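S.K.: Listed below, chain by chain, are the residues.
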Amino acid sequence: MESISGKTAIVGVAESDEIGKVPDKPVMMLHAEAARNALDEAGLTRNDVDGLLTAGTSVLELGEYLGIEPSYTDGTSIGGSSFVVHLAHAATAIATGRCNVCLITHGESGRSRVGMSGYPGGAQTLRGQFEAPYGMPSPVGAYAMACSRHMAEYGTTKEQLAEIAVATRKWAMLNPKAYMRDPITIDDVLNSRLISWPFNLLDCCLVTDAGGACVVTSIERAKDLRQTPVAILGVGESHDHAMISQMPSLTSFAARNSGKAAFEMAGVKHEDLDLAMIYDSFTYTVLLTLEELGFCKKGEGGDFVSGQRTAPGGPFPMNTNGGGLSYNHPGMYGMFAIIEGVRQLRHDYADQGIRQVPNCELAVVHGTGGVLSSAGTAILGRA
Amino acid sequence: MSAPSKPLPKPDPVTQPFWDSLKAHGIQIQKCNACGEHIFYPRGLCPHCFSSDISWEPASGKGKVYAFTIVHRQPNPAFAADMPYVVALIELDEGVRMMTNLVDVEPDPEHVKVGMPVEIVYDDVNDEITLPKWRPQA
Chain A
15 MESISGKTAI VGVAESDEIG KVPDKPVMML HAEAARNALD EAGLTRNDVD GLLTAGTSVL
75 ELGEYLGIEP SYTDGTSIGG SSFVVHLAHA ATAIATGRCN VCLITHGESG RSRVGMSGYP
135 GGAQTLRGQF EAPYGMPSPV GAYAMACSRH MAEYGTTKEQ LAEIAVATRK WAMLNPKAYM
195 RDPITIDDVL NSRLISWPFN LLDCCLVTDA GGACVVTSIE RAKDLRQTPV AILGVGESHD
255 HAMISQMPSL TSFAARNSGK AAFEMAGVKH EDLDLAMIYD SFTYTVLLTL EELGFCKKGE
315 GGDFVSGQRT APGGPFPMNT NGGGLSYNHP GMYGMFAIIE GVRQLRHDYA DQGIRQVPNC
375 ELAVVHGTGG VLSSAGTAIL GRA
Chain B
28 MSAPSKPLPK PDPVTQPFWD SLKAHGIQIQ KCNACGEHIF YPRGLCPHCF SSDISWEPAS
88 GKGKVYAFTI VHRQPNPAFA ADMPYVVALI ELDEGVRMMT NLVDVEPDPE HVKVGMPVEI
148 VYDDVNDEIT LPKWRPQA
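Those sequence lines, one after another, are chains A and B.
Going left to right, the first sequence walks through residues 15 to 397 as our numbering numbers them.
Going left to right, the second sequence walks through residues 28 to 165 as our numbering numbers them.
Don't take every hint at face value.
Unchecked claim - Here are the simulated lysine-lysine pairs, DSSO-like style, with alpha carbons at most 27 Å apart:
{"#": "1", "chain 1": "B", "residue 1": "91", "chain 2": "A", "residue 2": "312"}
{"#": "2", "chain 1": "A", "residue 1": "312", "chain 2": "A", "residue 2": "21"}
{"#": "3", "chain 1": "B", "residue 1": "37", "chain 2": "B", "residue 2": "140"}
{"#": "4", "chain 1": "B", "residue 1": "89", "chain 2": "B", "residue 2": "50"}
{"#": "5", "chain 1": "B", "residue 1": "33", "chain 2": "B", "residue 2": "160"}
{"#": "6", "chain 1": "A", "residue 1": "283", "chain 2": "A", "residue 2": "312"}
{"#": "7", "chain 1": "A", "residue 1": "283", "chain 2": "A", "residue 2": "35"}
{"#": "8", "chain 1": "A", "residue 1": "311", "chain 2": "A", "residue 2": "274"}
{"#": "9", "chain 1": "A", "residue 1": "172", "chain 2": "B", "residue 2": "58"}
{"#": "10", "chain 1": "B", "residue 1": "160", "chain 2": "B", "residue 2": "50"}
{"#": "11", "chain 1": "A", "residue 1": "311", "chain 2": "B", "residue 2": "33"}
{"#": "12", "chain 1": "B", "residue 1": "50", "chain 2": "A", "residue 2": "172"}
{"#": "13", "chain 1": "B", "residue 1": "33", "chain 2": "B", "residue 2": "58"}
{"#": "14", "chain 1": "B", "residue 1": "50", "chain 2": "B", "residue 2": "37"}
{"#": "15", "chain 1": "A", "residue 1": "312", "chain 2": "B", "residue 2": "140"}
For the record, the hints were derived by calculation from the structure and aren't laboratory data.
Please read these numbers as outputs of a predicted model, since none were measured by experiment.
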């Protein structure tokens with residue numbers, strides 16, 4: 015079959031009108047605001063949308079709320095990676111003629127809990143039988159356990175993890191939309207209160223309220239629209255467990271598959287990339303993902319992030335919006351990694367000094383979901 | 028006000044023999060007769076080879092800490108009195124992993140180590156449910 019690489023483009027991205035602490039807006043309104051804003055930015059209307067994709071919320075409810083009757087629909091809901099996986103599905107659907115314009119939306123009232131459905135999981139589910147009785151705080155405890163194994167196998171240190179939190183905060187200080195903008199040091203991270211060893215508070219992402227959306231169409235149509243198109247060059251998706259107690263290896267996860275697929279489809283090398291948007295639910299999530307995507311060897315993630323290499327002005331620009339650690343993390347952050355990747359590739363920050371990654375032509379956007387359960391990777395390029 | 032209760036497992040028809048074995052203080056896990064691999068959690072078919080020729084066998088009750096965390100913050104108030112406590116993944120000598128709490132050890136990374144040898148202890152929570160907890164081997 016012919017490759018879908020480069021056949022489609024992202025033509026609009028947006029957050030909801032407000033993000034952070036938004037106690038007066040229920041989940042569906044966060045979806046709706048982001049959807050409207052992303053379509054406006056693209057110069058498209060609701061009536062142009064014939065593909066509808068979301069996670070967390072029922073895609074039925076989303077269609078009802080927005081008044082959209084799609085001919086292509088996808089409710090794949092595999093945690094924070096879902097929206098990157100939706101990009102893959104949207105690109106495939108459009109490139110194969112199933113639909114013309116896909117709208118992907120996200121909305122979560124993670125902090126204020128307005129209109130959120132409860133977490134599933136009765137006493138007879140597998141989680142109810144084999145994990146819940148032991149009081150593991152999820153997801154933080156699961157990621158913490160995985161990190162303990164990496165530390166034991168490879169000698170990864172808490173200081174190395176803290177490097178990520180500090181570098182990401184430096185990017186957040188350049189982003190007016192970021193929730194946490196005060197400077198922090200390695201010691202601040204190590205001295206913040208323990209949550210679930212080896213994680214301290216500043217190893218953990220924020221919990222916020224936000225919506226986000228993006229619009230995908232064919233590369234031909236994209237050229238006639240309002241924004242500089244950002245082409246979808248490569249995509250990959252995978253998962254290998256649901257519960258952390260069933261994870262085949264705690265130091266390797268499905269990004270090894272999604273990353274390989276995305277890089278191969280795009281036909282690019284790691285050194286070609288100008289920007290990495292790597293899901294940062296926890297500092298360790300980033301360190302492990304960099305290894306799994308092949309930016310460094312297995313076990314060398316700690317060295318890779320040391321010396322503030324990912325900070326503004328550093329050799330490896332990463333999570334330039336301030337990430338889930340400091341900008342915004344309503345629960346399933348993947349959409350916001352896409353939004354920032356697109357804005358950098360369009361050079362939206364060209365007048366904002368080091369906020370703009372110089373000559374940004376190629377980016378990798380990676381989402382991780384569940385408890386290191388699922389992975390979605392996309393290679394995006396300025397068209 | 029009475030303390031909130033901790034979540035307890037409700038066995039299903041496939042997992043019932045596991046919970047029954049714990050109640051009898053003699054842990055059993057599944058083994059696939061086709062490929063010889065041990066299986067946990069209990070399943071209706073072998074995840075290694077898809078065979079449904081599976082039997083129950085006594086396990087050694089010995090293993091090693093594969094990974095762990097020490098919980099200092101837990102949103103469920105039922106666990107508040109226990110904090111800090113250790114949640115661990117144990118790799119049993121039979122090769123499978125299970126989640127548990129480590130007991131009879133200081134909840135401190137100076138005392139809990141990946142690779143530490145551990146053994147099962149049976150925690151009779153009530154007349155119906157016994158949970159498998161693990162402690163350092165003597």
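S.K.: Each of the hints needs a verdict: does it hold here or not?
M.R.: Each hint tested on the structure:
| no. | hint | in the structure |
| --- | --- | --- |
| 1 | 91/B with 312/A | holds (23 Å) |
| 2 | 312/A with 21/A | violated (33 Å) |
| 3 | 37/B with 140/B | violated (31 Å) |
| 4 | 89/B with 50/B | holds (18 Å) |
| 5 | 33/B with 160/B | holds (15 Å) |
| 6 | 283/A with 312/A | holds (18 Å) |
| 7 | 283/A with 35/A | violated (39 Å) |
| 8 | 311/A with 274/A | holds (14 Å) |
| 9 | 172/A with 58/B | violated (39 Å) |
| 10 | 160/B with 50/B | holds (13 Å) |
| 11 | 311/A with 33/B | violated (42 Å) |
| 12 | 50/B with 172/A | violated (40 Å) |
| 13 | 33/B with 58/B | violated (31 Å) |
| 14 | 50/B with 37/B | holds (13 Å) |
| 15 | 312/A with 140/B | holds (22 Å) |
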